[in-house]
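Visitor: The residues making up each chain are set out below.
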Amino acid sequence: MDRIPILKVGDCLLVTIQVDMHDELAMSLQEDLTMQIAKHASRGVLIDISSLEIVDSFIGRMLANIAAMSRVLDAQTVVTGMQPAVAITLVELGMSLPGIRTALNVERGMELLREFIGRDAEAEDVDGAEE
Amino acid sequence: MSVFQQIVRTHETAILNGWMKEISIATRRSDLMNDAEMRQQSSEFLHLFTEATQVSSEVRSDAFAAAREFLKGVAKSRMEQGFTASEISMFVLSLKQPVFNVLRDEFKGDASKLVTEIWTSGDLLDKLAMMTVDAAIELREQTIARQQEEMMELSTPVVKLWDGVLALPLIGTLDSGRTQVVMESLLSAIVETNSQVAIIDITGVPTVDTLVAQHLIKTITAARLMGAECYLSGIRPAIAQTIVHLGIDLVDVQTKAKLSDAFKIALTRLGKAVVSIKNHPAARAEEQ
Amino acid sequence: MALKSETYTIRSSDDVVRVRQIARAWASEIKLSLVDQTKLVTATSELARNTLEHGGGGAMTAEMVENGIRRGIKLTFTDQGPGIANLELALQDGYTTGNGMGLGLSGSKRLVNEFDIKSEPGLGTTVTIVRWK
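Chains as they are written, first to last, in our numbering: chain A, 1 to 131; chain B, 1001 to 1288; chain C, 2001 to 2133.
Please keep in mind that the hints were generated in silico from the structure rather than gathered at the bench. The model shown is predicted, which means the values in this text are computed figures rather than measured ones. Be a bit skeptical, because a hint or two may be false.
Each pair of labels, with its calculated beta carbon distance range [what the hints assert, rightly or not]:
(1) C/Ser2028 <-> A/Asp120: 44 to 54 Å
(2) B/Asp1252 <-> A/Arg71: 40 to 50 Å
(3) B/Val1253 <-> C/Gln2021: 33 to 43 Å
(4) A/Asp11 <-> B/Gly1247: 44 to 54 Å
(5) C/Gly2057 <-> A/Gly99: 30 to 40 Å
(6) A/Glu115 <-> B/Glu1192: 23 to 33 Å
(7) C/Gln2021 <-> A/Asn105: 22 to 32 Å
(8) A/Glu31 <-> B/Ser1260: 47 to 57 Å
C-beta atoms are modelled at their ideal positions from N, C-alpha and C, and glycine is treated no differently.
Based on the sequences and whatever the hints tell you, model everything.
Guide: Written out as structure tokens, the structure is:
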């Protein structure tokens, strides 16, 4: 079965969804990502959906799940590049994905992840200094 | 074959003269069209009409194609000249009187034949007149559609305030259709200009109803899904009251009274600030 | 009046992908705006998944329809599954029997111009949607 490739970039994972996914493919991506986060102890996950022509409630739920699961595994998730028509449709469908961080493109998404990870690191440093 | 066709052909010149007289009484607009032009147009149509009737009595048939095309042209040029729809239909309808006149002279003694011929020719001319009006209305509708489109374009000026900051100053009444178009163009502009912040300013909007408010909220949510932030500015007191009375929830929406305030937080969001250069080290350095 | 009509079976999740693509192709053929196309395709995805998961498979009939000068795409999803006992409840936001977010039916309804659902417990469900240009 096809699988969507997951790229490891430093302490982040990068996924670009380019195909019209059927539901099993989406489910396997969700599983693969969770495994990879745990395996590499990744701190950030970036999912680029700029080539996706639709996001229905199933894919929406998959994105929400990935964000929630990675949060449990101490990683931040950013979804990037959602097309305007897709965003309008998703809102109309009734999904506003409140738990998901978004960015306009991969570059900004990476910046955002760096910010989060950096902020966490600072917080740890402060903790360390106090001890 | 009924005979009015032959009669019309034989008396073409007489009919044309009668028609011109009729036109001058009924719809003459010397301010819009001169006599020579009018006569030329009339004679051309009468000729096409006469020719077509020799072959067919069905206005939608191929025989009438040239006449129909001609009337379309007449409708177009007259519309542009400023004739009204009824004046345009009178161009064809005023041909009835002179045609009926020659028929009356021809069938003096035969009342039933006269009625038949008048009915046939009258019906034909009525249909042609209706077609002309239809053509005129269609042209006007095209104009209206085009103007609506142009108005839509004019009413959606997405402007760039700064690198990464867009503004959409909305002016005039917002209906649900216009709001949708405006919002779509804002979201596209966000992608095109790679802007992180967009400010929707509704200073120029007199009222907001539930549907429009919902569209605004949906747009702000959609922008967030795309990775951009949307602020709402220029909310008048009356609109603020309406929003509360309608029970619309703007809790998740960043609102500011003035566009300038929204711009200020947009800059802060991007890590930038506007500072006075008076007494500023950099400015002083330049003076020296 | 239907200008053309075609029926496709829905038996697997690959078929769901296929009917989505068909909805996209037909929508672009009548030149729906990108947003309207996206809405129609998304509704198609939701309803085709319902047909597969709750109806145990079925079919989608696509029709190009005309109403005066307006053209539209009409899609009918049929299955012979268990049917829906309480339609009113099924159309509420957040109501779910499967593992979705319960936005399938209620959400799709908001994405199209016309929405009609008929269901007979034990006999199956038919959902018809229309998106006009």
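Visitor: Please write out, lowest number first, the hints stated earlier that are contradicted by the structure.
Guide: 2
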